[in-house]
Amino acid sequence: MAATAEKAVVKPIFTTKVITFIAFTATLIFSQNMFAVSSQIGVGDWEFWIDWKDYVWAPFVFTWIVAVHFPVYSYLFNRFFNIHFGATLVLMFWFLQRTLMINLFYVGMNNYPFNYVQAPSYLLPAIATDLTLIVFGLKKHMGLYVLVSCFVAGLAVVPGHALFLNVPFLATQATYLDPLTAQTHLMPVWEVIRMVIPKAPIPAYISEGWSWPLAYRSFYDPYIIMTAAMGVMGIVWSGFTYIFLKSIFYGLGKTIKRFATPAAG
Amino acid sequence: MATVTKSGNPVFSIAQEGRALRNVMWMWWITAVTYNAVAIPVIWDPAQHSFLIRDSTWTPPHLMIFGPFFALMVFEAVVFGFYALKKAQPYIRGEIPITLWVFPITVFGFTLASMITNEIGHIFLVREEFFSMPTHWNFVLTFMFIYAVGVPEVVRTILRLGQLEAKGQELVKMSAAAPMAARARYPATAATGADGGSRESEIRAGYAATAATGADGDSQESENRLGT
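Respectively, the protein sequence lines represent chains W and X.
So the first sequence is numbered by the working numbering: it starts at 1 and just counts up by one.
So the second sequence is numbered by the working numbering: it starts at 266 and just counts up by one.
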C-alpha cells in the first residue's frame, strides 16, 4: 500500500511532459528565430557568392554570428534543459527552415541558383562551442567559457570551409566534354581544374589523397593568417557574448528573487 | 477566485496559479511560433528585392506578406503580456519584473521605431536595399533583445511551475494517504497491515497540516486545489 502511495506521488501535476516540451520548443524556436534574423541581416546572403572575393571576405561576418550566438545557445540549453548540443541543435533547426524558405522563395519563385554555403560554414563552430561546454561544464567560470568558446568558434570558421565546402566541391564528379574528340569524361572537379589550369593550387589532401598536415604551408599562408585572425576576432566578440549571456541571467535572477511561497490552499 | 493582499497582488490557490501558468506557457509557445513564421516574409521579401529595386514599406506586397505577422506580434505582445501581468503572476511581489514590461515595448520598438527609421533612411539616405548593410542592424539588435527577454520569461514560468509542483506533491502525499484513514477507523482490519502504526501517525500529521491551512473541505475543492 505504501508503495502504491509513493507511485501516486511521483506522477507530475504541473510540470508535465507537455509543459516541458512547450518550454523547450519555445526556447528552440526563439533561438532559431534570432539566429535566422542575425544571419539574414548581420551576415547577408552568402548563399549566392559568385567569386573568390566572397570566399575571402565571408569569414569576417561568419565569425561575428558564430561567436556571439553559439556559446549562448550551448550554455542556455545545457543550463535549462540539460542538453549538451544546443548550438548544433539550433543550427539544424535553422537549416531545416532556411532550406525550405530559400527553395520556395528564391529557387522556386525566382529561379535563383543556390549553394549551401552558410550552414556548412556554421556547422564546425557550432560543434566546437558545444564540445567546449562539455569540456568546461557549467560549474566552471562562465566568463572563461565564453572567452574560450568564442575563440574556438572563430578559429573553426576557415577550417570549416575547407572541410565542408572545399572538399565536397572539389571531390564532386563532373562530366567533362573533350572538345577534340567530342567524348565525355567523368572526373572530379579538382582534376578538371588541374587539367585546365596546370598550376592550380589544389590542396594536397585532395590531389594526392593525403598529405602531412600543412606540409607546404608557411606561417604566412593566407589560410593560416586568416584562421588565426578569425580566432582573434572571436575573442573580440566574446565581450559582447558575455554581456548578452549575463543580461539573460540578470533578467531571470531579478524576477526569481521575487517569487513568493506558493499558496497552500 | 483570488483574494487580494495588502500589496495589491491576488492570492491564488496553487491549482489556479498552475492553470494560469500553463496558459502562459502556451502563449509563449504561440508567440515563438509567430516569430518563427516571420521567416516567411523575411525570406520572401529579399527574394523579390533581388530583382526589384527597393520600394516603400507601404506597398501592397509588403503589407500583404508582412502585415499579418506584425499585427499578430503586436496583438500577442499586448494581450499575452497583460494576461501574464494581471492574471498569472500573483507570486511576484514588488514592482513589475523588468523582463515582462520590456517585451511588449521591444515588440513595439521593432514594429514601429525600426520600421519608421528604416523608411526615413531609405527615403533620405540610401535608396537601394542591401539587407546586410550595418544600417539594418537595429533589426538584429531588436531580435537579440527579444531573445534576451523572452527566454528568461519562459524559464521563469517553468521554474515557478516547478515550485508549484513541489507544493502540489506535498498535498498529494497527504491526500494519497486518505484510503488508509478508512482502515485506521477499523483497527481490526488495520492491524493486518504491515506498516499500520507508522502510517497512522503519518495520516494524523497530514490531516493536522491540512486542517491548519483551513483547506480541508469537500473532495471537489481538494481536487481543484491539486489541479486534477
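In short, the hints are calculated from the structure, not lab data.
Hints are not guaranteed to be accurate.
[What the hints assert, rightly or not] Here are the simulated BS3-like pairs of lysine-lysine, each with C-alpha atoms no more than 25 Å apart in a straight line: (1) LYS17(W) with LYS140(W); (2) LYS199(W) with LYS351(X); (3) LYS246(W) with LYS139(W); (4) LYS352(X) with LYS17(W).
[Said to hold, decoys possible] To give an idea of the chain W side of the interface with chain X (calculated C-beta under 7 Å), a few residues: (5) THR27; (6) PHE30; (7) PRO201.
[What the hints assert, rightly or not] Listing some non-contacts, in silico: residues in chain W with all C-beta distances to chain X over 12 Å: (8) GLY42; (9) LEU131; (10) VAL135; (11) LEU177; (12) TRP190.
In this text, a Cβ means the ideal position worked out from N, Cα and C, and glycines have one as well.
Here's how the hints hold up against the structure:
For the hint pairing LYS17(W) with LYS140(W), the CA-to-CA distance comes to about 30 Å; that exceeds 25 Å, so the pair is violated. Restraint check for LYS199(W) and LYS351(X): not satisfied, since their Cα atoms lie roughly 72 Å apart, outside the 25 Å limit. Restraint check: the Cα-Cα separation between LYS246(W) and LYS139(W) comes to about 15 Å, which is no more than 25 Å; the hinted pair holds. Taking the CA atoms of LYS352(X) and LYS17(W), the gap is about 24 Å. The hint holds against a cut of 25 Å.
At its closest, the beta carbon of THR27(W) sits 6 Å from a beta carbon of chain X; the interface hint therefore holds under the 7 Å criterion. Taken as an interface hint, PHE30(W) checks out: its beta carbon lies about 5 Å from the nearest beta carbon of chain X, inside 7 Å. Interface hint status for PRO201(W): violated, as the beta-carbon distance to the closest one in chain X is roughly 29 Å, over 7 Å. Against chain X, the non-interface label of GLY42(W) is violated: not every CB pair exceeds 12 Å, the least being about 5 Å.
With 12 Å as the threshold on Cβ separation, the claim that LEU131(W) sits away from chain X holds: the shortest Cβ distance comes to roughly 23 Å. No Cβ of chain X approaches the Cβ of VAL135(W) within 12 Å, the least distance being about 24 Å, so the stated non-interface status holds. Every C-beta of chain X lies more than 12 Å from that of LEU177(W), the closest at about 31 Å, which supports listing it as non-interface. Every CB of chain X lies more than 12 Å from the CB of TRP190(W), the least distance being 31 Å, so the non-interface label holds.
Violated hints, in rising order: 1, 2, 7 and 8; the structure is consistent with all others.
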